[in-house]
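Asker: Two chains, two frames, a set of hints: combine them into the complex.
Sequences listed follow chains S and F, in order.
So the working numbering is basically just the index in the first sequence, starting at one, shifted up by 173.
Read in the working numbering, the second sequence has 51 at position 66, and its numbers run on one by one without any break.
Just so you know, these hints were derived from the structure itself, not from any lab.
Keep in mind the model is a prediction, meaning the values are calculated, not measured.
Among the hints, erroneous ones may be present.
[Claimed, not checked] Computed Cβ-Cβ distance ranges for the label pairs, DEER-style:
| id | chain 1 | residue 1 | chain 2 | residue 2 | range |
| --- | --- | --- | --- | --- | --- |
| 1 | S | G199 | F | E3 | 45 to 55 Å |
| 2 | F | E11 | S | D220 | 28 to 38 Å |
| 3 | S | A249 | F | E(-12) | 31 to 41 Å |
| 4 | F | A144 | S | D220 | 33 to 43 Å |
| 5 | S | E248 | F | P12 | 50 to 60 Å |
| 6 | S | G274 | F | G111 | 47 to 57 Å |
| 7 | F | L129 | S | E248 | 51 to 61 Å |
| 8 | S | E269 | F | E142 | 36 to 46 Å |
| 9 | F | R110 | S | E297 | 51 to 61 Å |
| 10 | S | E264 | F | E3 | 22 to 32 Å |
| 11 | S | A249 | F | G111 | 36 to 46 Å |
| 12 | F | G102 | S | H252 | 45 to 55 Å |
| 13 | S | G199 | F | T120 | 44 to 54 Å |
Cβ atoms here follow ideal geometry from the backbone N, Cα and C, with glycine treated the same way.
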Amino acid sequence: MAYNVLIVDDSHTMRTVIKKTVAISGFEIGECWEAGDGLEALNLVKDQWVDVVLTDVNMPRMNGLELVKALKSDEATRHIPIVLITTEGSEARMREAYALGIAGYIQKPFYPEAIRDALNRIMEAFHG
Amino acid sequence: MDENLGRAAAQAVGHVFETMFFVFLEPGDSPAGEDRDGPREGAEAEMLGSLGFQGRLRGVLRLRIPYTLARGLATNFLGLETPASEAQAVDMVQELANMVCGNLFSIFDGQEVYRLGTPRAEVVRGAPDQEKAGTAETLRLDFLAEGRKIGLELTWEAAVAGPAG
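Extracted from the complex, chain F is given alone in its bound form (with noise of 0.2 Å):
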């Protein structure tokens, strides 16, 4: 499971980023689910989108840019002359983080409608929360995106299984 899910994500992470902003990610340098320990990026701010899924999983997809690239990128993605406003790149990390989390289940599990919840995105400064709540699985990801680290995080369980139909 966490392979395929880790390839799905990688993979959605990639394509979303290629096509919003013509940005080629690498691998980061933080294995994959080696815990984060620190502030990354030094002490720069970072904005943190997240949104929940449900579907056969269910959980919390979080991904964390560095606060200055994040504003680039919102200025490159809406075509504008002046650097973006914090409020329009907090507007395009909700966007980002809704489409790698919907990207990623329909590459991981397409037979499968996942419903995706109310993304969103705030400015945070230090070490990333380590949420792990009672069987909760956690993957986390990190990639290179015009030399900066961008970190995804996935934290979900199996779902209860509903009744048929």
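Extracted from the complex, chain S is given alone in its bound form (with noise of 0.2 Å):
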């Protein structure tokens, strides 16, 4: 089975290495969106079936915690899982957002490992 992965990280270059290293990972890819920062996310995801989404935190207009309070309020949009791959990895931040009901916290720089990992963990638990 394909997913459907939405990328979220305001850097450019990162969703193109995040982009690549998903690809790469052996992890079966339907579509991949991009978006800079949350708000733009949010806009896609109304518009998209979206199976997983990877979101940095630090980002300008809607940050990667608020796109999370975001998608979990939302009856149509809570069941995605939401991973965050960001350069903060303080032991009270990674406490708020599992609180907030994210699935996965990769902090960068990551392996590529790392994130395959994450999505078949995430993958199989939420879908079977």
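Answerer: Have a look at this one:
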């Protein structure tokens, strides 16, 4: 089964690298969309079927944690698993993010295996 | 404080370069904290990435990378067959500074949430600014990446404690 992935990061470089990493990870991808911030991501999720969101935290307009809150508070999108991919690695930040309902947390910089393993684990848990 | 921060900074920079670029850094030839009084890498331009941070400490992190090295790293990082553009290198240096800062404070002070500012990067020529405001502390570290000098500068002061909670 192929999954539709949404990558949210204000850095075009990071979006490109994450997209390539996901592509070579062996994870089956259907569509792969990109958004430059949380607001753009929210608009995209309204129009497209997204299976998993990979999002940065520190972004303009709407940051990653605000995006998580928005997706989890909407009946139509609360089922979508969200993985934070962020430079911030404090335990307090991780606890806050998991409390909001994220499915995984990957600290940048990452090895490709970290993304592959997180995606496989999460999609198995969510879709069986 | 300086010693722990310096160790965390060196560890963070090394980890980020190794993981992102498979580049292993060596200590530079300038001792930490030495003032620089001239252009680095001869007259070659550099890319300067910077961002602010705020937690128990607040300040600015600056990362200086020789221009051609930054372009080369961006080319490899993005897996491009032609050299990365300046815009791509600028974006990569911004993200690099962001990653170094985030990793630095998760190593140095992992219990505290540090808010990171929006990273910026620009091409600069000549001597670095010697900004030092009021009571701010400054830490400078040099590293060698593929024989080229990379500089990290942290300027900080203790943040004023806010209300508990």
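Asker: Run every hint past the structure and note whether it holds.
Answerer: We went through each hint and held it up to the structure:
{"no.": "1", "hint": "G199(S) <-> E3(F): 45 to 55 Å", "in the structure": "violated (23 Å)"}
{"no.": "2", "hint": "E11(F) <-> D220(S): 28 to 38 Å", "in the structure": "violated (50 Å)"}
{"no.": "3", "hint": "A249(S) <-> E(-12)(F): 31 to 41 Å", "in the structure": "violated (52 Å)"}
{"no.": "4", "hint": "A144(F) <-> D220(S): 33 to 43 Å", "in the structure": "holds (42 Å)"}
{"no.": "5", "hint": "E248(S) <-> P12(F): 50 to 60 Å", "in the structure": "holds (55 Å)"}
{"no.": "6", "hint": "G274(S) <-> G111(F): 47 to 57 Å", "in the structure": "holds (49 Å)"}
{"no.": "7", "hint": "L129(F) <-> E248(S): 51 to 61 Å", "in the structure": "holds (55 Å)"}
{"no.": "8", "hint": "E269(S) <-> E142(F): 36 to 46 Å", "in the structure": "violated (26 Å)"}
{"no.": "9", "hint": "R110(F) <-> E297(S): 51 to 61 Å", "in the structure": "holds (52 Å)"}
{"no.": "10", "hint": "E264(S) <-> E3(F): 22 to 32 Å", "in the structure": "holds (23 Å)"}
{"no.": "11", "hint": "A249(S) <-> G111(F): 36 to 46 Å", "in the structure": "violated (55 Å)"}
{"no.": "12", "hint": "G102(F) <-> H252(S): 45 to 55 Å", "in the structure": "violated (34 Å)"}
{"no.": "13", "hint": "G199(S) <-> T120(F): 44 to 54 Å", "in the structure": "holds (52 Å)"}
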